[in-house]
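S.K.: What follows is the residue order along each chain.
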Amino acid sequence: MENDLKKKPDEELLQRSRKGDAGAFKELVRRYEAKVAATVIGMVGRNDEADDIGQETFIRFYNALNSFRGDSSIGTYITRIAMNLSLNALRRRERRRFLFKSIDTENELQEPAAENGAGRFEQSEILRSAMQRLSPKYRAVVTLRLAQGYSTEETARMLRIPVGTVLSRLQRAQKKLQTLLRAYKEDF
Amino acid sequence: MDPNLYNLLLRSFDSKLRESDQRRLDDGLASSEDLRRARNDIATLRRRLGEMKEPSFKPFFAERVVQRLGRVESSLMEQYLSVFRSVAIGAAVLVIICGAYNISRDNSVSFDSALGFPHQTLEQILALEPPLE
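Respectively, the protein sequence lines represent chains A and B. Going left to right, the first sequence walks through residues 1 to 188 as my numbering numbers them. Going left to right, the second sequence walks through residues 1 to 133 as my numbering numbers them.
Keep in mind that a hint or two might mislead.
[Said to hold, decoys possible] Quick partial rundown of chain B residues pointing at chain A, CB under 10 Å, derived from the structure: (1) M1; (2) L5; (3) Y6; (4) R11; (5) I42; (6) R46; (7) K53; (8) V66; (9) G90; (10) A92.
[Claimed, not checked] Each computed PhoX-like pair below joins lysine-lysine, with the alpha-carbon atoms no more than 20 Å apart: (11) A:K19 to A:K8; (12) A:K35 to B:K53; (13) A:K8 to A:K35; (14) A:K26 to A:K7; (15) A:K8 to A:K26; (16) A:K137 to A:K175; (17) B:K16 to A:K35; (18) A:K26 to B:K53; (19) A:K19 to A:K35.
No lab work stands behind these hints, which were simulated from the structure alone. Bear in mind that the values here come from a model prediction, so they are computed numbers and not experimental data. Virtual Cβ for every residue (Gly too), placed ideally from N, Cα, C.
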């Protein structure tokens, strides 16, 4: 049964999900899980909150199934939900940080976690860690444009900002990333 | 390194530059070793970002989503039921109060008086005669 669903096109899975077919919706979740993970983990980091936001993204998508008209692709639509939820979570985090400043500042300055016992950091982890040091608005454009490969126009549409703003944020984000990554010059 | 040229260089990766800007950048790249190095660094950074290992959620993510969806739906159903229950109880109490009021006004205990029907025969209604007291 699950193997059958794997071969079905998105459109059919959507129709079946609208009729309450949990299996069809589960297959859609499997198909777009990686995309959502890339957005959410890119934005909030790898933690339990990311998993929660990922789940919430698909629940929002499920609730919007009937109003989803297919003006954009499912991937773009879900990524937009994931990005909005991630930005909301970061705003909440910012408010918490304001209340418990000393604790969070300590966390922010942590070095990236070592990938293995030998203490050698994997490049992806270093990059991800550097991205976490960018402010959310810069992190959002880097995640969408550079990590996920959306065009500048798509990135602008998803974030509801002008293309010019995307370009200037990308410029600043790349400068900041290069500064942050200077410590790992051999790898980058 | 000229910061304006560096900004042009960064921008050139994401948008098409105006002809004059492109020419300035090309000239800068031809003459500046630093700018060429910066171009390579940016290109490497962007390539590495694009090639980043795809992150993933914890195992059985899809199952957890469907499970949570089930919980959300059943809690929604419970909310509907609880709203329906309170509205139904309120309506029943209102009907009983109205019935009791009608009976007390009519001084007779019958279904008709509880519902507030006038004691008239069909003939009286059709003849439009004043009702009997």
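S.K.: Determine for every hint whether it applies to the structure shown.
M.R.: Cross-check of the supplied hints:
no.: 1; hint: M1; result: violated, 12 Å
no.: 2; hint: L5; result: violated, 13 Å
no.: 3; hint: Y6; result: holds, 8 Å
no.: 4; hint: R11; result: holds, 6 Å
no.: 5; hint: I42; result: holds, 6 Å
no.: 6; hint: R46; result: holds, 6 Å
no.: 7; hint: K53; result: holds, 4 Å
no.: 8; hint: V66; result: holds, 5 Å
no.: 9; hint: G90; result: violated, 29 Å
no.: 10; hint: A92; result: violated, 33 Å
no.: 11; hint: A:K19 to A:K8; result: holds, 16 Å
no.: 12; hint: A:K35 to B:K53; result: holds, 12 Å
no.: 13; hint: A:K8 to A:K35; result: holds, 19 Å
no.: 14; hint: A:K26 to A:K7; result: holds, 14 Å
no.: 15; hint: A:K8 to A:K26; result: holds, 13 Å
no.: 16; hint: A:K137 to A:K175; result: holds, 14 Å
no.: 17; hint: B:K16 to A:K35; result: violated, 28 Å
no.: 18; hint: A:K26 to B:K53; result: violated, 24 Å
no.: 19; hint: A:K19 to A:K35; result: violated, 25 Å
In the structure shown, a violation is registered for the earlier hints numbered 1, 2, 9, 10, 17, 18 and 19, in ascending order.
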